[in-house]
Amino acid sequence: MKYALFLGCTIPSRALNYELSIRKVAEVLGIELVDLDFGCCGFPLAAVDEIKAFALAAGNLSLAKKHNLPILALCSACAEALTKTETSLAEREDLSKRVNRLLKTRLGLEYRGGVSIKHFARFLYEDFGIDNLKKIIKRPLKGVKIANHYGCHYMRPSEVYQNFDDPLFPVSLDLLVEATGAENTNYKTKMECCGGAIAGMNENIAMKLAETKLDDLSKIEVDAMVVICPFCSIMYDKQQVLISEAEGKNFEIPVLYYPQLLGLALGIEPDELGFDLNATSVEKLLKKIGVEE
Amino acid sequence: MVTMTEKSIVVDVSELKSRFPRNVMKQPGGEAIQKCFQCAVCVANCPIRAIEAGYNPRRIIKMTLLGMKDRVLSEEFIWLCSVCFLCQERCPQEVRPPEVMNAIKNLAVKEGIIPPAINKLIEAFKENGRLYPIDEFAAEERDYMGLPKLSEKSNFVKKILEK
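Top to bottom, those sequences are chains R and Z. Numbering follows the numbering used here, in which position 87 of the first sequence is assigned residue number 87; successive positions increment by one, without gaps. Numbering follows the numbering used here, in which position 34 of the second sequence is assigned residue number 34; successive positions increment by one, without gaps.
In case anyone wonders, no lab produced these hints; they're calculated from the structure. Please note that the accuracy of each hint is not assured.
Ranges of calculated distance between the beta carbons of each label pair, as one might list FRET restraints [stated by the list, open to error]:
#, chain 1, residue 1, chain 2, residue 2, range
1, Z, N45, R, K249, 52 to 60 Å
2, R, D37, Z, R71, 40 to 48 Å
3, Z, E162, R, I137, 15 to 23 Å
4, Z, E162, R, S116, 27 to 35 Å
In the BS3-like style, the derived pairs of lysine-lysine whose C-alpha atoms are separated by at most 30 Å in a straight line are [unchecked claim]:
#, chain 1, residue 1, chain 2, residue 2
5, R, K97, Z, K163
6, R, K65, Z, K149
7, Z, K126, Z, K110
8, R, K65, Z, K126
9, Z, K163, R, K66
10, Z, K126, R, K97
11, Z, K153, R, K24
12, R, K2, R, K66
13, R, K208, R, K104
14, Z, K158, R, K97
15, Z, K26, R, K190
16, R, K104, Z, K35
17, R, K97, Z, K110
18, R, K287, R, K249
19, Z, K149, R, K97
20, Z, K149, R, K104
Derived list of chain R stretches under chain Z, where covered just means 3 residues or more per stretch with a C-beta under 8 Å from a C-beta of chain Z [said to hold, decoys possible]:
#, segment
21, 15 to 22
22, 52 to 65
23, 151 to 157
24, 200 to 212
25, 219 to 233
Think of the CB as a built atom: it goes at the ideal place given N, C-alpha and C, for glycine as much as any other residue.
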């Protein structure tokens with residue numbers, strides 16, 4: 001299994017723990033990840049110029065096409081922007097013409113479709129398979145209570161993703177967490193948005209959104225929150241410290257990227273999973289799992 | 001400025017631009033705006049609305065359909081959608097409100113009405129081709145962690161973004 005790893009803009013500079021853990025996990029799963037010279041997926045620029053955003057995504061897709069590789073994305077916004085471009089250009093001839101005209105004049109490129117794009121979690125759920133994952137668990141995370149955060153762009157819009165999971169009551173990440181032996185906890189604000197997309201535009205609203213979920217999680221007993229998108233992690237992990245200070249709260253909720261959790265269950269040593277880059281301390285969790293004195 | 005917490009907005013008929021909704025429909029994402037029948041399901045489950053009472057996607061759509069171009073394009077509220085797609089999944093008319101917001105934002109940018117935060121974002125992309133450059137610090141950190149070297153800037157993004 002060989003895939004082009006799509007890191008996007010945020011992960012290679014601000015979420016090195018996500019990148020490190022995914023690379024370690026991929027090694028164990030026997031997945032070869034190839035690094036191509038990808039650029040921005042286009043998502044942050046859709047508000048500015050949707051056609052250029054499509055062109056950016058299509059430029060990336062044409063690079064994957066040239067190497068004849070399917071894409072594995074780690075950021076949910078990247079996965080959505082690339083998948084949306086693939087499906088929209090295939091469905092709409094007029095759009096495809098406009099986007100290709102821009103690609104041709106600016107980059108001398110053309111994109112006519114044919115690249116498969118999947119978020120890493122979706123790939124594990126649909127292709128690698130939950131049962132196959134269960135078979136290779138070496139350190140079952142028994143008794144560890146996890147609160148999943150799906151985020152928004154991982155399975156929505158459902159029309160872009162052809163309903164691979166339910167857009168309002170998704171199950172895939174719950175099953176992936178349960179595969180590690182950990183316990184999945186349902187909570188009231190499970191489907192709330194992290195606010196990451198408007199953090200640059202209006203920090204107050206974004207922080208309030210993040211705080212709503214942290215408040216909810218502090219009322220129930222969970223050992224950690226699990227996320228699958230760098231924006232969500234920035235909002236819940238890095239900002240958790242700031243929100244705690246600003247609001248006089250003491251959340252202390254560890255926020256793990258799913259590959260960090262899976263990595264522990266696969267028997268990978270914690271220092272190979274980038275935990276020292278998690279903003280909120282994971283010490284208590286690692287002790288509970290029994291991998292740290 | 002229109003304060004969206006106002007109970008009602010008085011519409012000045014002489015200000016209406018009938019071409020505005022048609023222009024929104026011509027933008028990618030704006031195609032379905034005229035299907036909106038104002039049921040407000042989008043407002044009912046909007047997480048931004050729950051925090052900022054002034055944000056009201058139903059009202060933004062209505063103002064657009066009426067042709068209130070100047071007021072819609074110059075308001076900060078069009079930039080507040082967090083693109084969570086909850087309303088898109090629940091809209092009974094398949095209007096795709098987050099896509100409609102993007103179409104409206106694209107028109108605001110064309111008219112030169114760009115919030116400072118968005119201008120900063122555009123400049124960052126023109127400079128680096130990335131939201132965040134892989135600067136010296138990040139490159140060192142990557143190296144230390146044994147992660148592969150990546151190019152600092154992305155040139156093809158710059159080429160697409162040039163005027």
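Hints, one by one, checked against the model:
1. N45/Z - K249/R: 52 to 60 Å: 26 Å, violated
2. D37/R - R71/Z: 40 to 48 Å: 44 Å, holds
3. E162/Z - I137/R: 15 to 23 Å: 50 Å, violated
4. E162/Z - S116/R: 27 to 35 Å: Given about 30 Å between the Cβ atoms, the range holds.
5. K97/R - K163/Z: 19 Å, holds
6. K65/R - K149/Z: Judged against 30 Å, a Cα distance of about 22 Å means the pair holds.
7. K126/Z - K110/Z: 17 Å, holds
8. K65/R - K126/Z: Satisfied, since the Cα-Cα distance of roughly 25 Å is no more than 30 Å.
9. K163/Z - K66/R: 27 Å, holds
10. K126/Z - K97/R: The given pair, whose Cα atoms are some 24 Å apart, holds under the 30 Å limit.
11. K153/Z - K24/R: 26 Å, holds
12. K2/R - K66/R: 14 Å, holds
13. K208/R - K104/R: This hinted pair is violated, its Cα atoms lying about 43 Å apart.
14. K158/Z - K97/R: 21 Å, holds
15. K26/Z - K190/R: Roughly 36 Å separates the two Cα atoms, so the pair is violated.
16. K104/R - K35/Z: Roughly 35 Å between the alpha carbons, so the hint for K104/R and K35/Z is violated.
17. K97/R - K110/Z: 21 Å, holds
18. K287/R - K249/R: Given pair K287/R, K249/R holds - Cα atoms ~24 Å apart, limit 30 Å.
19. K149/Z - K97/R: Cα-Cα ~35 Å, so violated.
20. K149/Z - K104/R: 29 Å, holds
21. 15 to 22: holds (count 3)
22. 52 to 65: The restraint on the segment 52 to 65 of chain R holds, since 5 of its residues have a Cβ under 8 Å from chain Z and three suffice.
23. 151 to 157: holds (count 4)
24. 200 to 212: holds (count 8)
25. 219 to 233: That given contact is violated, which follows from only 0 residues of the segment 219 to 233 of chain R lying within Cβ reach (below 8 Å) of chain Z.
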